[in-house]
Structures are given as structure tokens and as C-alpha cells.
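Chemist: Residue strings, one per chain:
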Amino acid sequence: MTPAAYPHRHLLGIEPLEPSHITAVLDTAEALREVLDRPIKKVPALRGKTVVNLFYEASTRTRASFEIAEKVLSADSLSIATSTSSVQKGETLLDTAKNLEAMNPDMIVLRHAASGAPHFLARHCRSAIVNAGDGAHEHPTQALLDALTLRQKKGRLEGLRVAIVGDVLHSRVARSNVWLLTKMGAEVILCAPPTLLPPGIEALAPVTYRIEEAVEGADAIMMLRIQQERMTGGYFPTVREYHARFGLTEERVRRAKRDVLILHPGPMNRGVEIASEVADGPYSVILDQVTNGVAVRMAVLYLLLGGSEAVA
Amino acid sequence: MSQRLLLKGGRVIDPGRAVDADLDLLLVDGEVADLDTRVAARGAEVIDVGGLVVCPGFIDLHTHLRQPGREDKETIATGTRAAAAGGFTAVCAMPNTEPVNDQAGITRSIREAAEREGAVRVWPIGAITRGSKGEELAEYGDLREAGCVAVSDDGRPVASARVMRRALEYAKAFDLTVIDHCEEPTLSQGASMNEGPVATMLGLRGAPGAGEAIMVERDVLLAELTGGKVHIAHASTATSVDAVRRGKARGVRVTAEATPHHLLLTDELVRASEYDTSTKMNPPLRAEADRQALIQGIRDGAIDCIATDHAPHTVDDKKVEYDAAAFGIVGLETAVALCLDRLVAAGLISLDRLVELFSTRPAAILGLPGGTLAPGAPADVTVLDLTRRHKVDPARFLSKSRNTPFGGWTLKGAPALTIVAGRVAWGHGR
Numbered sequence: 001m002t003p004a005a006y007p008h009r010h011l012l013g014i015e016p017l018e019p020s021h022i023t024a025v026l027d028t029a030e031a032l033r034e035v036l037d038r039p040i041k042k043v044p045a046l047r048g049k050t051v052v053n054l055f056y057e058a059s060t061r062t063r064a065s066f067e068i069a070e071k072v073l074s075a076d077s078l079s080i081a082t083s084t085s086s087v088q089k090g091e092t093l094l095d096t097a098k099n100l101e102a103m104n105p106d107m108i109v110l111r112h113a114a115s116g117a118p119h120f121l122a123r124h125c126r127s128a129i130v131n132a133g134d135g136a137h138e139h140p141t142q143a144l145l146d147a148l149t150l151r152q153k154k155g156r157l158e159g160l161r162v163a164i165v166g167d168v169l170h171s172r173v174a175r176s177n178v179w180l181l182t183k184m185g186a187e188v189i190l191c192a193p194p195t196l197l198p199p200g201i202e203a204l205a206p207v208t209y210r211i212e213e214a215v216e217g218a219d220a221i222m223m224l225r226i227q228q229e230r231m232t233g234g235y236f237p238t239v240r241e242y243h244a245r246f247g248l249t250e251e252r253v254r255r256a257k258r259d260v261l262i263l264h265p266g267p268m269n270r271g272v273e274i275a276s277e278v279a280d281g282p283y284s285v286i287l288d289q290v291t292n293g294v295a296v297r298m299a300v301l302y303l304l305l306g307g308s309e310a311v312a
Numbered sequence: 001m002s003q004r005l006l007l008k009g010g011r012v013i014d015p016g017r018a019v020d021a022d023l024d025l026l027l028v029d030g031e032v033a034d035l036d037t038r039v040a041a042r043g044a045e046v047i048d049v050g051g052l053v054v055c056p057g058f059i060d061l062h063t064h065l066r067q068p069g070r071e072d073k074e075t076i077a078t079g080t081r082a083a084a085a086g087g088f089t090a091v092c093a094m095p096n097t098e099p100v101n102d103q104a105g106i107t108r109s110i111r112e113a114a115e116r117e118g119a120v121r122v123w124p125i126g127a128i129t130r131g132s133k134g135e136e137l138a139e140y141g142d143l144r145e146a147g148c149v150a151v152s153d154d155g156r157p158v159a160s161a162r163v164m165r166r167a168l169e170y171a172k173a174f175d176l177t178v179i180d181h182c183e184e185p186t187l188s189q190g191a192s193m194n195e196g197p198v199a200t201m202l203g204l205r206g207a208p209g210a211g212e213a214i215m216v217e218r219d220v221l222l223a224e225l226t227g228g229k230v231h232i233a234h235a236s237t238a239t240s241v242d243a244v245r246r247g248k249a250r251g252v253r254v255t256a257e258a259t260p261h262h263l264l265l266t267d268e269l270v271r272a273s274e275y276d277t278s279t280k281m282n283p284p285l286r287a288e289a290d291r292q293a294l295i296q297g298i299r300d301g302a303i304d305c306i307a308t309d310h311a312p313h314t315v316d317d318k319k320v321e322y323d324a325a326a327f328g329i330v331g332l333e334t335a336v337a338l339c340l341d342r343l344v345a346a347g348l349i350s351l352d353r354l355v356e357l358f359s360t361r362p363a364a365i366l367g368l369p370g371g372t373l374a375p376g377a378p379a380d381v382t383v384l385d386l387t388r389r390h391k392v393d394p395a396r397f398l399s400k401s402r403n404t405p406f407g408g409w410t411l412k413g414a415p416a417l418t419i420v421a422g423r424v425a426w427g428h429g430r
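Residue numbers (the working numbering), protein chains in the order written: chain A, 1 to 312; chain B, 1 to 430.
Simulated from the structure, these hints should not be mistaken for lab results.
Small disclaimer: the values here were computed from a predicted structure and weren't measured.
Do not take every clue at face value.
Stated by the list, open to error - Interface residues of chain B toward chain A, partial, derived using beta-carbon atoms under 7 Å:
#1 41
#2 45
#3 196
#4 204
#5 314
#6 317
#7 327
#8 349
#9 352
Every residue gets a Cβ at the ideal spot worked out from N, C-alpha and C, and that includes glycine.
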């Protein structure tokens, strides 16, 4: 992999990336994924590099995925969650980051509730910054792992019809996926009740309020989580009606292509946005997504930290 | 011994009296004494203003001086120096200080501090409601007597239509204008920028323009109902301009201001600057169509004046995540230069109109002394240099704060000399 294939110092979002940069990450992930199948899952690619995982929001999957990726590539890593840090004592994001930087890390992986928080760190810090989810803005590694999963199963991204269904308004996953899929030539359709669609989103992808229309002929359906606090936030009358009108049921899945893939960034609300039969059904690739998450994060670490050692 | 100052050889523009000619201006003992083609010095200090433009002093209807309470952001001393350096001879001080200026005693303390430390005139604005809580009216009679020139709950908009109605009615007794920051609070909860495609892309919560226009429409209707005078602070949307224009056509006593930043910038800058918190203010930067409507408004008179909404904040208040950052930018030291370059030099408004927007109209809206160079008027004069090129350098601001999105802009045209009560308050290079 030449540096020119991914000429960025940070990964702040999918939006600024060229299709060739996305392909570079996916190809690198594909190459690195094989390491995960080895009996000894460790390569020295990032030996001597230090990565700080700075998580200001609860996260199981994303944080674990980054940590495993860091360990497999032999980076030294440290994870800080807000509940155990001096953030509880009122320290600002910038002060926390500057203090961590005094320990000379090569990279900070940041999860934060404020959109643009990674851009803020990128402006004021020396380290490479990876956005592990910022507010309702972007979650680039999630979109990359979704793309990797789709590409593995379908052999391509171009021309795929992908429905993204659920709380688009608050979803960074939706935004990153819309950017990525449209850049790569897939056809995206968004579906949600109008109260959960952000204004002007139709400039990025077509919108429907009918899930039947969204999933019709779909190659893939990405379900977005309805967060607990939204269920009582007045965005829709009841969970029962949401499931009845916008939930993914087996009957609705049958409108999609026969080999449709169902993706969900997790954690799922069974019986709300997705019926259990669908979540556990044969077309569900939700667990493949988790494995690919590690591979994609290995690729991002590798490309940004200029891994030089041979991987194979 | 009288105090005499002669401004010699300038181009004098006084739109209120349709003056635009090369004239000498003599100021004696704090008043305009003479304005003629040649005025003899006779013992006066003479300043040669040949090649410069001499105007009635500029008045900012919307300034946050932060004193009392937030002297870490700005004080009357620093804020009025910034005003003088920006070409303003008077500022109207918004009441959202700590404590809120809702009592005569606080008003008096502001005026006394301004007498002692102020570089320009300070006209205090009192609160509409006690503590700006939107519930009980403040004592307008006392506030007026202590020196308040208007009432406003700026920054904490009056949510209740009933309270606003009472305010407009009661204010009539003391000839006070009610200045409203128009924002329907339930529509803008948690917002940090304009609602629209840019906010959607950035994942930031947006305040819809409709939330502002709803309140402008409400206020126009209530002013019509009560016969009170309402002034719309920092109008930022096309719909607000339209509501004011329709109200004026019906004869409602409504006026409106726009800020330089809403006239010159759009929400695209939030994206282009990658969440730079100096693009965060309330009301937020809007869409291009809104900006165009504001420009149309200052051209055709739907918008009466330009005001800064000078809102100083410390570095700590701004050097944080976008959501967490304080709303507001400083404006006193950039407003006039920005408008000279981007509105006058750009051919959007005439120089005469600029002087109306910064002086004649602000004085008329609140009935303040000034806004004219008629004999007997206060000797408040703003002198402009239309040719001076300069780069906005926040490090050299006289304000305590630096929060501006205009740093690094190169502008042609700037204030040259600010004269308050016949004395030089600030001069370029002086």
C-alpha cells in the first residue's frame, strides 16, 4: 500500500474521502483480515506506536474492536473512558487531550457526543485523530466495516440498492453510510418517520416514509437503532406504532431481493426497529460486521500510522 | 475657555439633512457649532480631514459590555475603547449582565462607570422582565428615569405572548421601545447552528428560521394591537425581513436591525471552517437566500439599521467542542470596515445609506441625541477613510475578547477618527 493511496493524516469522516481512498482502506482491511484467522493473531506492523482510545460515550463494540485491532498490530494502547477519568472532575476535552499528548501517543481514537469534537482535536493536537463516532455527524469506521461486509458478500458496492431505515436524524452511522455508499456508486434510499429525518437530507439521498417502498428490491437493508431516549421524546407516538409502521418484519423483508443482507450497527432493540426472526435470520450479517470491524480498524491504524513492517 | 475643534476640508455626509459636500465642521463645547464651506479656526484646534468622510457619530444599538458581572469578557472601559476604535461614538448596552439590568440602581451604576471610564457614550437598555425571566415586568418608569433608552430581554427571549403584550403596552407610558430577540424557544432547544442541509451534514442540531419569524410575526401583531413600539434585534431570516416589511406597510411601529455577520456570512462557513466556534452565534448564520433578503432589506428600508451584537467571550468559552461553545462574536471593531468594503465598495449600498444605517436611523429609532450634524447637536462625529487597506488582526483588538470569524480579512475603508462630545476618543495612528 503506497501512502498516496490514503493521503490523509486523520480519519475524521467519510465525506472528505475520495472513492480511491475508501477502496484503499477496504483492500488493506481485506489483506489484514487474514491475520485474524491465524493461530497466533499478532503481527509487528505497529510495534513501538502508541494509541490512546479516548471514549466520552459508552461503547462496547467499537472500543473493543479498536483495542483488538491495536493489539493484533502490536501497537501499545491505552483506553480511557469518561467514568474513570478526570473528565468527571470537570477537565475540558482539550486539556485531557493535551495531557495525553504529553505522553507522546501517535494516535488518539475519539468517541464523543459533540459533533466536530475530532476536528477540534485535530486542530489543536499533534497526534493523528481517528473519529470513532462524533455526535450525529459521522462514524467512519462503522461505514467502512459495513462496506467491507457488503463487498465480501456481494462482490461489489457499485449498483447495489441499499435501504437505510430508522432514526436517521440522530444517526452518525446513517450519514457516514450515505456518503460512503453514494461515493462508491451504490443506490441509497432512506426511510424513517418524517420526525426522524434531518432537514435537507434528501439532497444526499432519496427519502421515503414507507418501509415497504424502501426495501423493495433491496440488496441490503441497514437498520438504525432507535435509542431508548427517543422512544419517549415525542418523535413518534408509541413503540408499538413504530414497530407496526417502520419496523423490519419478515413479511417486509420478503419484498427485498432473495439474497438480501440485513445489517445493524448494534445494539439492537428487538421488537422495535427489528423483529427477532429477522435479526436472527439467515440473511443477517450482523456478526460478520463485528469481525470486519476489527479488520477495518486494523487497516485504518495501519494506513494512518504508516505501518512499514511486512504483514504477511 | 471654551473647547473648540475644527475638522477642516472633509467630505461631510449627513443623510438626515441631505448634506453631502466638502465642508468644515466646527465643534464648540460639546456641540456642533458651525458647518460651512469655510469656517475660520479662531483659536480652535484644527484637524485636517481632507480626503476623509465626516459623518454624524455612529451608534450601535446592540452591544454587550458584560459589566457588571462578566468583566473577564469585557468591561465598560475596554468595550467602549473597542467601540471608539470601530468608529462608534455611542453604544446601547444590553441588560443581560450579572445581575441583569432590571433596576434603576444597576442602570445608574452602569452610567456612572461609563462616565468615569467610558471612551464613548453608553446608553443602557433595561430588562423587559425582572431578571429577564419572562414573567413580571421590570419597573420601566424607574429605568427610564435612571437613563435606560429601551427595554430588552436579549438572549432570554420573552416566550409568553401575554407578557410581551403587557410590555409593549406599559412601555408606551415612558416612550420606551421594546427590543426583542426573536426566538421561539421550543423550536431551537439544543441548537448550535441554523437548521438546514449544512447542519444535517455536520450532525449539529439546528434552529429553524421559522422559530425566529414566528416571534417577529407575533411581535408585529402585538405592536399593532397595542400601538407599542417594537424593534427587532438581529433579524436573520428572509421570513423575518418579510414580516417587518409587511408590518411597516400596515403602519405598525416596528423597526429592525441586521448584523454585519448575517449580512456577509452564511452557515456554509460552519462547514468550511470545520466547526470553528467563532462561527457560532445566536441567531445563527443562515442560508444564502436569507443573506440576500437581508441585503435587500437594508437597501429598501425594511431593515432600518446595522447593529453589531458585539458579544465578547473568553478563550475558554470558545475553545471547546462546538456544542459546548458560547454563542456570539465581537463586532465593534470590524462592523464599519466590513460594511464599507463589502457593502459600499461592493456597490450594494451607497455611502449615504451606510451613514443612515449606522447613525441617522439608530438615533431615530430610540430617540437618542445625535445622528445629525445640525447646529446644536451633540459633537459626536465619525470620520471614515475610504481608501485605507488593512487586515483584520484580532490580536490588536482593544476589546478584551478575540472571538471573530473575520480575522485575516483584508478590507478597504476604515474608521479614521472618532470624536465624542467634541473630543477625540480615538484616531487611527494617534
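Chemist: If a hint holds in the structure, say so; if it does not, say that too.
Modeler: Hints versus structure:
no. : hint : result
1   : 41   : violated (56 Å)
2   : 45   : violated (49 Å)
3   : 196  : holds (5 Å)
4   : 204  : holds (5 Å)
5   : 314  : violated (13 Å)
6   : 317  : violated (11 Å)
7   : 327  : violated (15 Å)
8   : 349  : violated (31 Å)
9   : 352  : violated (39 Å)
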